[in-house]
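Numbering (the working numbering), first residue to last: 1 to 407.
Simulated from the structure, these hints should not be mistaken for laboratory data. No residue lacks a Cβ here, since even glycine has one placed at the ideal position from N, Cα and C. Do not rely on the hints blindly, as some may be mistaken.
Below are the DSSO-like pairs computed for lysine-lysine, each with C-alpha atoms no more than 30 Å apart in a straight line [what the hints assert, rightly or not]:
id, residue 1, residue 2
1, K28, K247
2, K277, K332
3, K311, K296
4, K380, K182
5, K152, K189
6, K321, K339
7, K76, K189
8, K218, K76
9, K190, K218
10, K308, K280
11, K162, K272
12, K280, K152
13, K296, K332
14, K247, K233
15, K321, K287
16, K247, K277
17, K233, K204
18, K247, K339
19, K380, K204
20, K318, K272
21, K280, K296
22, K287, K390
23, K152, K287
24, K218, K277
25, K339, K384
26, K390, K233
27, K308, K321
28, K321, K296
29, K280, K390
30, K287, K204
31, K233, K277
32, K308, K190
Pairwise CB distance ranges, derived in the manner of DEER restraints [as the list claims (entries may be wrong)]:
id, residue 1, residue 2, range
33, N251, W324, 16 to 26 Å
34, P155, P314, 46 to 56 Å
35, D184, S244, 33 to 43 Å
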Amino acid sequence: MARKRIITPEKKELIRNLISEYNITSAKDLQEALKDLLGDTIQNMLEAELDEHLGYEKYESTEEAKSNYRNGYTSKTLKSSVGQVEIDIPRDRNAEFEPKIVPRYKRDISEIENKIIAMYARGMSTREINEQIQEIYGFEVSAEMVSKITDKILPEIEEWQKRPLGEVYPIVFIDAIHFSVKNDGIVGKKAIYIVLAIDIEGQKDVIGIYVGENESSKFWLSVLNDLKNRGVKDILILCADALSGIKDAINAAFPNTEYQRCIVHQIRNTLKYVSDKDRKEFARDLKRIYTAPNEKAGYDQMLEVSEKWEKKYPAAMKSWKSNWDVICPFFKYSEELRKIMYTTNTIESLNSSYRRINKSRTVFPGDQSLLKSIYLATVKITSKWTMRYKNWGLILGQLQIMFEGRI
């Protein structure tokens with residue numbers, strides 16, 4: 001249930017006076033009023049600071065006034081979240097006054113914008129952002145203002161999306177997460193596809209974010225061609241779920257790339273049929289399959305797990321049987337390399353971050369809003385990825401043998 005806003009009589013009187021004083025009839029009028037009020041507030045704070053510094057108020061005659069006194073003003077233009085604000089910095093005769101509210105060389109007081117963007121990145125809704133800003137700064141921000149402020153990162157997103165990539169990536173994962181988005185007044189599900197790569201240095205990175213269209217060979221070919229246009233010449237192993245048309249697109253864009261049905265997705269797709277009380281045991285049984293020493297042992301384990309759980313969860317293991325032909329290439333890789341491919345931590349940490357956004361905002365007002373949120377969440381989590389994979393030197397040596405001449 002939405003929290004009912006309580007407006008005190010004092011607030012009502014303040015709002016009435018504000019509307020009357022500035023003749024506010026639109027959001028633009030309100031913004032101009034806020035800019036003027038911000039300027040007056042800062043000016044009053046500066047005057048109070050100078051009073052404290054001098055030890056007496058304006059026009060007061062004291063002994064302190066004889067040793068140091070006011071000495072005019074210096075005009076200054078400040079950048080703020082509501083636009084440029086003109087103020088006059090008061091001076092003292094001895095040039096000892098150092099304002100705290102607006103330090104001498106500071107012209108940008110728009111920290112509020114950074115705070116709004118940070119709150120947006122954490123998945124807070126416009127209503128929650130407004131409540132936070134009102135609590136901290138004492139004024140409201142509209143949905144339009146939040147949008148305009150966060151739009152300032154759009155050039156940054158575009159630059160990030162076009163940034164050059166490495167020539168060779170040993171492993172690339174493609175994953176999807178779905179959100180509710182409103183377009184033309186209609187709410188529908190929209191997929192965001194995340195391209196997560198491991199480079200030849202063993203570092204992981206998100207190299208692409210794509211707002212999903214209808215899955216098809218054409219769509220996937222456009223994604224892979226985007227990677228090629230940004231410098232990617234070869235991908236050794238590409239792991240993905242059963243995405244419609246992706247196999248044909250890989251063959252067209254990177255004909256030498258090995259398409260591997262993603263073990264992470266296999267595990268996830270299996271456990272969605274399993275109740276919470278059995279999930280831990282079932283996951284342990286699945287691990288016996290993908291950690292088996294070879295394909296035959298893995299296949300035998302798969303049959304045993306299927307037989308154990310078939311009566312209770314008849315649909316859970318079907319995808320392992322029907323897709324074994326695209327799962328089994330996994331077994332030719334070393335244990336160290338396999339561990340990277342089946343460990344869910346990296347992908348799940350990304351998805352967890354994205355789901356927190358989805359939890360806070362049940363519906364996004366458009367594709368652009370969704371993209372901004374996903375980008376900010378991605379930047380936040382990838383900034384923590386500073387370590388390369390353990391034993392990467394050993395793994396790279398194995399890849400150089402298996403994919404001779406390509407690294």
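Item to check | Hint check against the structure, violated hint numbers in rising order | outcome: 1, 2, 7, 8, 11, 12, 16, 23, 24, 31, 32 and 35
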